[in-house]
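Asks: Just so you know, the sequences run in chain order A and B. Going by our numbering, the residue at position 118 of the first sequence is 1455; the numbering climbs one at a time, nothing skipped. Going by our numbering, the residue at position 94 of the second sequence is 129; the numbering climbs one at a time, nothing skipped.
Worth flagging that the hints you see were computed from the coordinates, not collected in a lab. Each residue gets a CB set at the ideal place from its N, CA and C atoms; glycine is no exception. Don't take each hint at face value.
If you only want the chain B side, here are some residues facing chain A, beta carbon under 10 Å, derived [said to hold, decoys possible]:
id	residue
1	Lys58
2	Pro60
3	Pro65
4	Val72
5	Arg94
6	Tyr96
7	Thr107
8	Leu110
9	Gly188
10	Ser195
11	Ala197
12	Gly198
13	Ala199
Within a straight-line C-alpha distance of at most 30 Å, the following computed DSS-like cross-link-like pairs (lysine-lysine) qualify [claimed, not checked]:
id	chain 1	residue 1	chain 2	residue 2
14	B	Lys222	B	Lys70
15	B	Lys70	A	Lys1526
16	B	Lys58	B	Lys70
17	A	Lys1526	B	Lys58
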Amino acid sequence: MNGAALLVALPLLTAFLTPSIGRVSATAARLLGPLVLIYCIWLVAGLWGASLPVSIAIGGFAPPLGINLYLDPLALLFALAVYVLILLAWPWTEGTPGQAALLMLLAGSTAALALSGDLFNIFVFYELMSAASFGLIIVRGERAAHLATLRYLVLSGLGTVLFLLGVALVYFHTGTLNLAQLAQMAPDKLAGAQGLAAFVLILLGVGVKAELFPVNGWVPEVYAAAPRWLSGLLAGLVSKLAVLVLLRILVLVFDSEQAQAVLLVLGLAGFVTGELAAWWARDFVRMLSFSSIGQLGLVFVGFGIGGAAGVMAGIAVALHHMLAKPALFYLAESWGGSLERLQGEARRAPLAAALFVLLALSLVGVPPLPGFWAKLLVVMGLGAKGSALAWATLAGILLITVVEAAYLFRLVGRFYSEGEPAHAAPRLHGWDFTRALLLGGALVAAAFWIVPLGHWLEGASQLAADVPRYITTVLGQGGAP
Amino acid sequence: MRKAASLLFAGGLAFLLAVLVAKLPFGETPMVLGKQVLAQGAEQTGTANLVTSVVVGYRAYDTLGELSILFTAALALGLVLGKRNAAAPRDPDAGLVLRASADLLLPLLLVVGFYIILHGHLTPGGGFQGGVIVAAALFIPILARPSRGLDHGVLVWLESLAGALFILIGLAALFQDGAFLEPLLGKGELGRLLSGGTLPLLYLLVGVKVGAELTGLLVNLADAEAVE
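The whole structure should be built from the sequences, with the hints applied where relevant.
Replies: Following this line, the structure appears as C-alpha cells:
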C-alpha cells in the first residue's frame, strides 16, 4: 500500500535523470518516460482492488504532523487519467530530452495533486505543475509562444500569490494544513467572513489553471501559441487537476451556501462568456479554447449545486471534457487556423469530419452520448436545489447551450457544404487521427456502458462528499467529530 | 478601459486585504502543529535544528516538490536561452584585483557553503541556504574571467544524481517496509555532527542540487547572447 508514493516518486526520478541520459542517448531519454508511465498505469490498476479509501503517511509521520496521501476511487481515476493522457500525448518524433523531462515533471506533479491530503503540499505541487507547463509551452521557442508564456506567467504568478494568501489565512485561523484536520475544524473556525475570503482567494488562485471566469484571459492566447497536443493536455488534464483540488478544498473545508453561490455565479459567467466568445471566434483553435472555458464554467456550476449530487455533476462534466477536448485538439493539428479553410472538409477527410460531428454532438449534449448525461446531471441538480439563483443559472445554461449548438453545427454545416476554399487545410497526420479516434472511441464506449459507469461515479462521488469518513480515514477513529 | 479595470481590481484587492488584516486576531494564533513539532521534533527526528526536522523530516515530501520546481525552472530557462553560438564574442576578463580576489573567494565561499549545508541539522542554515553560497562561489570566478566558462555536462550530471539520490534514499525506506522518505539510520546523540539519521544526508543532496542548479542557471544567463 505504501507503494502509492511511487506514483509521484517515479515520474520525478525519471525527470531528474532524463537530461543526463539525454546527453548519452537521446533515444533512451525519449523511451524512458513512456515506460515509466506504463508502469505507473499498472501500479494504479493494482491499487484499484485495494480497500478504499485509505490514507498513507509519508515519512512515517502520522497526519496531521506529517503529510499524507489520500486514495479514493476519484483520486485513482484522476491519477490514471494523468498517465494515460500524457502517454497519449507523448511527442515520439519531435521531443527533446528537455521536453521529456518536463512532461515527466508534469506527470509527477499532477499525480501528486490527485493524491495529496495536505493543503500546503497541494500548493507546492500546483506550483510545480505551473512551472512545468510554462516550460512546455515556451519550448517551441517561437516569439508568439514567448509572449503568450510571459503573460501566462504574470497571471499565474498573481494566482499563486492569491492561493498562498488564502492558505496563510486558513493556517492563521486553524494552525494546521492537513485537509482532514481542517475539515474537522472548519465548521468552528472558518465559518465566518474570514473563511469565505480565504475560499475566494484560493478559488481565484487555483482558478487560473482551472480557467475560472475572471482569471482565464490567458487561455486563447496560450492554446493558440502552444503545440496542439500540449493545448489538449492543458485543457484536458491540467485544468481538471486544478478542478479536483478545488473540489477537495470545497467539500472538506468550505462547504457553505455562500461558497456554492460564488461557484454558481462564476461558473455561469464562465459558461456564458466562453460559449459566446466561441460563437464569435473565426479560428478553429480559438473556438476550442473558448469552448473549453465554457465547459469548465459548467463544471463549477455543477460543484455549486453542493452535496454528493453536485460532486457527481461537476466530475461528470469534467471527465467528459477530459476525453472530448484533447481529441478535438488532435484534430486541430491540421485544422488549426481560419474556419474558412474547412469548407467542404467532409469530402477530403470523411472519417475525421465524422469524428468531429460525434464530439460536437456530445459537447452540445445530444442523447445518448455521455455529454448529454453530464449536462442532465447539472440541470437536474440545479432543479433539485431549487433556490432562485439555481433557477436563474439553469435558465442561463439552457439558453447558452443553444449558442453552443449553433456554432458547433455551423461548423458541421461548413464541413458538408459544397465549394472549395482557396487554401484547404492540410491532410491530418495518421497518428493524430488515431489518437483522436481512441478518445472518441472511449466516448462511444462510455455511451454504451453509461449505466454501470453512472453507478460507479455515484458511489465515488458519495465517498468524496463523505466528510466524516474522510476524517476517520486520515486521523483514525479518535479523529471522529 | 483595461487600465481602469486593473485599477479597480487592485483597489478591490487592497480593500479586501485591509479589512481581513483589521479583523485578524493577532497574538492568539492557534499553535496546533507548531506545538507538536516543538514537543516531539527533536526526539522524533534527532535534529537539534527544528526547522530542519520540518524541512527534511516531517515535510520532506514538500521539499522534494520544491527541488523539482527549481529543477524545472533551470531546465526551462536552459531550453529558452538555447545553445551559445561558439563564435559570439565574450566579455573581456576583469582586472587583476577582481581576478585575484575571485580566486581567493572560491575556496573560502566553498568552505562556508558546505559548512552551512553540513551543519543544517544543528544550527540555522541547511541545503537551500548553503547551496546558494556554493553557487555564488562557483559563479564569481566566471564573472571575473568570462572567457573561461564552466562545463555544463558536470553540472547536469550533479543535479541529476543529487535529485535521484534524494528520491532513492526515500525509496530505500519503502523497500524496508517503511514509508516513502521515512528517516533511516540511527538518530545518534542530539547535537553531534553525525546525528539525525538520513536527514543530514538528504540536506547535503539538497545543497548539491541547489548549488549545481543555480550555478547552471547563472552560467546560462551569463552565456546568453545579447539580441541586437
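Asks: If a hint holds in the structure, say so; if it does not, say that too.
Replies: Okay, the hints, checked on the actual structure:
| no. | hint | verdict |
| --- | --- | --- |
| 1 | Lys58 | 6 Å, holds |
| 2 | Pro60 | 8 Å, holds |
| 3 | Pro65 | 3 Å, holds |
| 4 | Val72 | 7 Å, holds |
| 5 | Arg94 | 6 Å, holds |
| 6 | Tyr96 | 5 Å, holds |
| 7 | Thr107 | 4 Å, holds |
| 8 | Leu110 | 6 Å, holds |
| 9 | Gly188 | 6 Å, holds |
| 10 | Ser195 | 4 Å, holds |
| 11 | Ala197 | 8 Å, holds |
| 12 | Gly198 | 4 Å, holds |
| 13 | Ala199 | 5 Å, holds |
| 14 | B:Lys222 - B:Lys70 | 22 Å, holds |
| 15 | B:Lys70 - A:Lys1526 | 19 Å, holds |
| 16 | B:Lys58 - B:Lys70 | 24 Å, holds |
| 17 | A:Lys1526 - B:Lys58 | 14 Å, holds |
Checked against the numbered hints listed earlier, the structure breaks none of them; every hint is satisfied.
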